[in-house]
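*Asks:* First to last, the sequence lines map onto chains A and B.
Positions 18 to 233 (my numbering) are the ones given, in order, by the first sequence.
Positions 637 to 974 (my numbering) are the ones given, in order, by the second sequence.
Hints are computed from structural coordinates only; laboratory data are not their basis.
Treat the hints with care, since some could be wrong.
[Stated by the list, open to error] As a list, the in silico EDC-like pairs of lysine to aspartate or glutamate whose alpha-carbon atoms are at most 20 Å apart: (1) Lys90(A) <-> Asp78(A); (2) Lys90(A) <-> Glu936(B); (3) Lys93(A) <-> Asp939(B); (4) Lys929(B) <-> Asp86(A); (5) Lys928(B) <-> Asp86(A); (6) Lys100(A) <-> Asp120(A).
[Stated by the list, open to error] Example chain B residues on the side facing chain A (calculated, C-beta under 10 Å, incomplete): (7) Phe880; (8) Leu883; (9) Tyr884; (10) Glu887; (11) Gln891; (12) Lys929; (13) Tyr930; (14) Asp932; (15) Gln933; (16) Ile934; (17) Glu935; (18) Glu936; (19) Leu937; (20) Tyr938.
[Stated by the list, open to error] Okay, the calculated beta carbon distance ranges per label pair: (21) Leu79(A) <-> Glu940(B): 15 to 25 Å; (22) Leu73(A) <-> Gln891(B): 30 to 40 Å; (23) Gly713(B) <-> Lys67(A): 55 to 65 Å.
The C-beta atom is built at its ideal place from N, Cα and C for all residues, glycine as well.
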Amino acid sequence: MPSLLLVVILVELAVHLVNTIGAATINNLLWNLYLALPTQTSRQVAEKKKIQKEYLTIRRDLNATSSQDQFAKWAKLRRQHDKLFEQLEKMKSSHDASKAKFDRTASIIRWTATSGVKFILPWIYGKQPMFWLPNGWFPYYVEWILSFPRAPLGSVSIVSWQAACTGVVMLLSDTIKAILVLALGAKTAQKQPMKVAGENQGEKPTSQGTKEKKDS
Amino acid sequence: MSTAVISADDDIFEPSLQSILDQKTLRWIFVGGKGGVGKTTTSCSLAIQLAKVRRSVLLISTDPAHNLSDAFSQKFGKEARLVEGYTNLSAMEIDPNGSIQDLLAGQGEETDASMGGMGGMMQDLAFAIPGIDEAMSFAEVLKQVKSLSYETIIFDTAPTGHTLRFLQFPSVLEKALAKISQLSSQYGPLLNGFLGAQGQLPNGQNLNEMMEKLEGLRQTISEVNTQFKDENLTTFVCVCIAEFLSLYETERMIQELGSYSIDTHCIVVNQLLFPKQGSECDQCNARRKMQKKYLDQIEELYDEFNVVRMPLLVEEVRGKERLEKFSEMLIHPYVPPE
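Looking at chain A on its own, in the form it has when it is part of the complex (with noise of 0.2 Å):
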C-alpha cells in the first residue's frame, strides 16, 4: 500500500515542520488570513481601528486644548474621548475572546491534523505490514523488533516505518540547517575580513567620527 507509505512520510514532516516553525506563528499566520476574509470578526477588527484613529485624533485634540482658557471645548473633547475610550475598551475584549477562541479552534485541528493522525494510524494499521522483508536476509530479532507491535513477522511494520521516517526527516532537516549555516557562515566569514580590512584601513577616521560625535 504505497499511499499509507506516502501519507506517513508526509504525517512525519508536517508534524515537524510545525514544530520547528512554532504553534504561535502558525496561528498568527491563520488569524492573518481569517481576517483578510470578509467575515463579522473582520469587520469588528477594521471598526476597531478606525476608532482608535478616531481615539488618537480627539487625544491629540485634547492635549492641545487649554483645559483653563476653553474650558468648554475642553471638556466637550473629554467626554468624546472618555466615550470612545471606553468603546475601546469593550471592543478590546470582545476582540481578544474572538481571538481566543480562533486560537483555541486552530490548535484543535491542528493537532488533529498533525499529532493525532500520527496517533491513530499505528492504530488503525497496526496489523497491516508496509512492506515485506526479502525472505531469510534478516535474523529473526530484527525481524521481530520490525514487525514490532502487530504485524505479521517478516513485514516492517508501521510504528517501525514513522520511527524510520522521523530518523529520516530529523536527518534531512539537520542536513539543510547545517548547509544553510554553513553557507551563511561562509558569506559573513567572507564579509568578516573585508570588514576587517576596511576597519583597519579606516580606523582613525571612525574613531575621531565617533569622538566628533560625542563632543557635538
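Please arrange chain B on chain A, whose structure you already have, making use of the hints.
*Replies:* Same frame as chain A, now just chain B:
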C-alpha cells in the same frame, strides 16, 4: 425629562430654579458641589422656596461638617425638627459615619440578654464590607424619612467625592447583598442541619433572623435605588463658583451622575462679582473678568441646563430674613445694578 418639555415651550432654559418648583413629582433633591461654594446656603434657600409651594419639606444635611445649624442660627439634631418661623419646613443633620455606631450600640443594649451575639455579628459585618456602615446608616435614615411622609426631601450633601460615593452605595450594596442572600438560600438548609432546628449559631445568634434583616435592608436599598434613578422623582442641583477647579469638578460630577443615570439639569453659579461701573477696585475688576470668562464657558457647555447666577453679597447669608432674601434670587434672576 419633564422640565425639558416645560422649557421647550419657550425654547430656552430659564436662568432660575423655577422648573424645580414647578415639577411637583420631585421627591428627592440633592444639592452638591465642591466644598465652600455655598451648597448649604443654596440648599437652605431652595428649601425655603419649596416650602412656599409644597405641603411639607425636609432638609437633611449629610455633610459631616454641619452647617444647617449655622445657617438658620438654630440647633438641629438627628431627629427632624421644625425650622423656627415655618410650619412646613423641617431640618435634620445626620452623620453618615456616626450613626452606624449609634445603631450598633443601641442594638447591643436591647438585645443583650436574649441574643447578645447578634450585635456582634452585625458589627463584624459592618466592618467587613467597605462602605457598608455608611450605606446602612443611610438606609436607616431613608427608612425613617419614608415613614415621616414628607412631600419633598432636600439633601445638603458633603463635598463632591463624598456625594458620589453616597449615591453609588445603593448599587454596590444591592449587588453584595443579593450575593449574600443567594448564598444563604443555597447553604441555609445545610447550615441549619448543623445548627439544629432553631438555627442557633454557636454564640447564640439566629441565622434566619439575621438573613431576614439583611433581606429587608436590601429591599429598602433597591427601592431607594430605583427612586433615585427616576428623573420624575429625583434631581441633582450642582452648585459651583466661576473658577476652574470648581468647574472641573462640576463637569466630572455631571458625567458621573449621568453614569448612575441620576437626572441633573440645574447649575447654580455662586459668588459672582458685579462691581459698579467705573469701580476703582482692581481685585474686583480682575475677578469679574475671570468669572466672565468661565461664565461664557459654562453657557456654551451646559446649554441644556438651567444656569442660575447668584451674586456675592456683602454680608454672610445667615438667619431667616437674609436666607429668604437670598432665596428670592434663585427664582427671580438677579439683575446687577448698572
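*Asks:* None of the hints should be skipped; say for each whether it holds.
*Replies:* Against the structure, the hints:
1. As the CA atoms of Lys90(A) and Asp78(A) are separated by approximately 10 Å, the hinted pair is consistent with the 20 Å bound.
2. For the hint pairing Lys90(A) with Glu936(B), the CA-to-CA distance comes to about 9 Å; that is within 20 Å, so the pair holds.
3. For the proposed pair Lys93(A) and Asp939(B), the alpha carbon gap of about 12 Å is at most 20 Å, so the pair holds.
4. Taking the CA atoms of Lys929(B) and Asp86(A), the gap is about 8 Å. The hint holds against a cut of 20 Å.
5. Taking the CA atoms of Lys928(B) and Asp86(A), the gap is about 12 Å. The hint holds against a cut of 20 Å.
6. For the hint pairing Lys100(A) with Asp120(A), the CA-to-CA distance comes to about 30 Å; that exceeds 20 Å, so the pair is violated.
7. Satisfaction of the interface hint for Phe880(B) is found here, the shortest Cβ-Cβ separation to chain A being roughly 5 Å, below the 10 Å cut-off.
8. Given hint, Leu883(B) at the interface with chain A, holds; its Cβ is 6 Å from that chain's nearest Cβ, closer than 10 Å.
9. Interface hint at Tyr884(B): satisfied, since its Cβ lies 7 Å from the closest Cβ of chain A, which is below the 10 Å cut-off.
10. Residue-level restraint check for Glu887(B) holds (minimum Cβ-Cβ distance to chain A is 5 Å; threshold 10 Å).
11. Of the supplied interface hints, the one on Gln891(B) holds, with its beta-carbon coming within about 7 Å of a beta-carbon of chain A, less than 10 Å.
12. The beta carbon of Lys929(B) comes within 8 Å of a beta carbon in chain A, closer than 10 Å, and the hint placing it at the interface holds.
13. For the restraint placing Tyr930(B) at the interface with chain A, the shortest Cβ-Cβ distance is roughly 7 Å, inside the 10 Å limit, so the hint holds.
14. A least Cβ separation of about 8 Å between Asp932(B) and chain A falls short of the 10 Å threshold, and the interface hint therefore holds.
15. At about 4 Å, the closest approach between the beta carbon of Gln933(B) and any beta carbon in chain A falls short of 10 Å, and the interface hint on this residue holds.
16. A distance limit of 10 Å between C-beta atoms decides the matter here; for Ile934(B) the minimum to chain A is near 8 Å, and the interface restraint holds.
17. Interface hint at Glu935(B): satisfied, since its Cβ lies 8 Å from the closest Cβ of chain A, which is below the 10 Å cut-off.
18. Checking Glu936(B) against chain A by beta carbon gives a least distance of about 4 Å; that is within 10 Å, so the hint holds.
19. For Leu937(B), the interface hint holds, since its Cβ comes within 10 Å of a Cβ in chain A; the closest pair sits about 4 Å apart.
20. At a threshold of 10 Å, the smallest CB-CB gap from Tyr938(B) to chain A is about 9 Å, leaving the interface hint in force.
21. Restraint check, Leu79(A) to Glu940(B): a C-beta distance of roughly 22 Å satisfies the suggested window 15 to 25 Å.
22. In this structure the hint that Leu73(A) and Gln891(B) lie 30 to 40 Å apart at CB is violated, the actual value being about 21 Å.
23. Between Gly713(B) and Lys67(A) the CB atoms are about 59 Å apart, so this pair conforms to the stated range of 55 to 65 Å.
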